[in-house]
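Chains as they are written, first to last, in the numbering used here: chain L, 1 to 400; chain V, 401 to 498.
Be careful, since some hints might not be right.
Unchecked claim - Computed, partial: chain V to chain L, Cβ under 7 Å: (1) H409; (2) P442; (3) M443; (4) R445; (5) G446; (6) T447; (7) H451; (8) V452; (9) L459; (10) G493.
In short, the hints are calculated from the structure, not lab data. Ideal Cβ positions, reconstructed from N, Cα and C, are used throughout, including at glycine.
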Amino acid sequence: MSAIRVLVGTKKGAFILTSDGTREDWSVSGPHFAGWEIYHVKGSPVDPDRIYASQTSEWFGQVIQRSNDGGVTWEQPGSGPKLPETPPGSEDGEPMPQGKSNMFVYDTSEETGKPLTTHQWYDGTQHPWEFARVWHLEPSLTDPDSVYAGVEDAALFRTTDGGQTWHELAGLRGHDTGAAWSPGAGGMCLHTILLDPADPGRIYVAISAAGSFRTMDGGETWTTINRGLNSGFMPDPTAEIGHCVHRLAMHPSNPDRLFMQKHWDVMRSDDAGANWYEISGNLPSDFGFPIEVHAHEPETVYVVPIESDSLHYPPEGKLRVYRSRTGGNEWEALTDGLPQKDCYVNVLRDAMAVDALEPCGIYFGTTGGQVYVSPDGGDHWSPIMRNLPSVLSVEVQTLP
Amino acid sequence: MIRVEIPFHLRTLAGVDGEVMLTVDGEVTRASILDALEARYPMLRGTIRDHVTLKQRPLVRFFVCKEDITHDSPSDPLPNTVASGAEPFLIVGAIAGG
Numbered sequence: 001m002s003a004i005r006v007l008v009g010t011k012k013g014a015f016i017l018t019s020d021g022t023r024e025d026w027s028v029s030g031p032h033f034a035g036w037e038i039y040h041v042k043g044s045p046v047d048p049d050r051i052y053a054s055q056t057s058e059w060f061g062q063v064i065q066r067s068n069d070g071g072v073t074w075e076q077p078g079s080g081p082k083l084p085e086t087p088p089g090s091e092d093g094e095p096m097p098q099g100k101s102n103m104f105v106y107d108t109s110e111e112t113g114k115p116l117t118t119h120q121w122y123d124g125t126q127h128p129w130e131f132a133r134v135w136h137l138e139p140s141l142t143d144p145d146s147v148y149a150g151v152e153d154a155a156l157f158r159t160t161d162g163g164q165t166w167h168e169l170a171g172l173r174g175h176d177t178g179a180a181w182s183p184g185a186g187g188m189c190l191h192t193i194l195l196d197p198a199d200p201g202r203i204y205v206a207i208s209a210a211g212s213f214r215t216m217d218g219g220e221t222w223t224t225i226n227r228g229l230n231s232g233f234m235p236d237p238t239a240e241i242g243h244c245v246h247r248l249a250m251h252p253s254n255p256d257r258l259f260m261q262k263h264w265d266v267m268r269s270d271d272a273g274a275n276w277y278e279i280s281g282n283l284p285s286d287f288g289f290p291i292e293v294h295a296h297e298p299e300t301v302y303v304v305p306i307e308s309d310s311l312h313y314p315p316e317g318k319l320r321v322y323r324s325r326t327g328g329n330e331w332e333a334l335t336d337g338l339p340q341k342d343c344y345v346n347v348l349r350d351a352m353a354v355d356a357l358e359p360c361g362i363y364f365g366t367t368g369g370q371v372y373v374s375p376d377g378g379d380h381w382s383p384i385m386r387n388l389p390s391v392l393s394v395e396v397q398t399l400p
Numbered sequence: 401m402i403r404v405e406i407p408f409h410l411r412t413l414a415g416v417d418g419e420v421m422l423t424v425d426g427e428v429t430r431a432s433i434l435d436a437l438e439a440r441y442p443m444l445r446g447t448i449r450d451h452v453t454l455k456q457r458p459l460v461r462f463f464v465c466k467e468d469i470t471h472d473s474p475s476d477p478l479p480n481t482v483a484s485g486a487e488p489f490l491i492v493g494a495i496a497g498g
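Based on the sequences and whatever the hints tell you, model everything.
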């Protein structure tokens, strides 16, 4: 029987929730990395026991953790899993641990052709690029040692040695518009990385608040894909960049079709991002953060409406997931098992995921520390956890 | 041996309890202590100071002999009591943010 592993990142550690395919009884391990902010935890599609985690702290910066056993034990890649008894390097012939798994250095080499060193700051002045943290880790679809990292200040990095070293794909930051990118309220973060299973060269990314970008050559060169977006907070609402894209989603069977939750507006593209149109339809609010696609129904989409950019909680105090079975515009509220009174939590952009079972399971975590599951595509919900720290991210692994 | 006390979150990262005992070659300074600490515990690289520039992270403080030496030069020699192990070298996470 299949099993499910839910990887939860919170403000005070990571938690791993496991169940069999019924998704009724759950066991919990954690907190892993207690006391640290865990922005994202995600497993390799090739080797599900290979899991990567982004561990951060305002005090001590970035740490990358890796597990090779499904989250039972963890190590910082290339730093040695245990306390060395002698100065490393040395007598036993083992290679010297480099301790570089948290070394994210922007590429300013002449080879990139565009050693971009500043971007636009809140006050309109130019500001140096400063690495703050890894928001999102996207393991390769084919190689468990290769992972993409979306970071703040916005850039895309990649490791090909299991997280021991990271190198920037500088063509993105070197895009002609790079110097005009500016941060959203949460910082200037690259938060979404979509890998096209049919075309290894095609990657979509999204940046708050620059917009969406696409590469067709594995990250060497990039194109803005924001035509059709309309952002009222910008002096030119339809400008090429500056849009606060909150999240992109894609069904692997149709990588030309993209769904977007923007700062305001839920959007869709049928031509790989070249053109977007609005599908907010009858949503009670088209502000929100996550957006997800059903595992087996490419036209079934989920969002969690939030009151507004000023009021980051559900409209009317009712926590409702909205589902469209028509690829947008026509939405139905999913409420069974969710609090419909006095609920003022938020659901962050990386805190929703789906499993691959039949029927498809939907999962999300809240800033109030709840993790909910629906084992039937959203019709019925129940809490797996009620009292975790504020949830930053949720990912799901479907295990054989 | 030099005694170094590191904050809770870095102790868990390095997998140590209590003080760390280090041998420092040459003059005992903040920089030479951090060099020795990072060589012994490579998982701490980048958590106290930047990998490349060696600039210390803004919410990390260094205390010796009841003095805050955070803003002194990293290459200033430290008191003999630290070099001898009579007094510890304290790395402290700043109390910030409540």
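Worksheet entry | Enumerated hints in conflict with the structure, sorted upward | none
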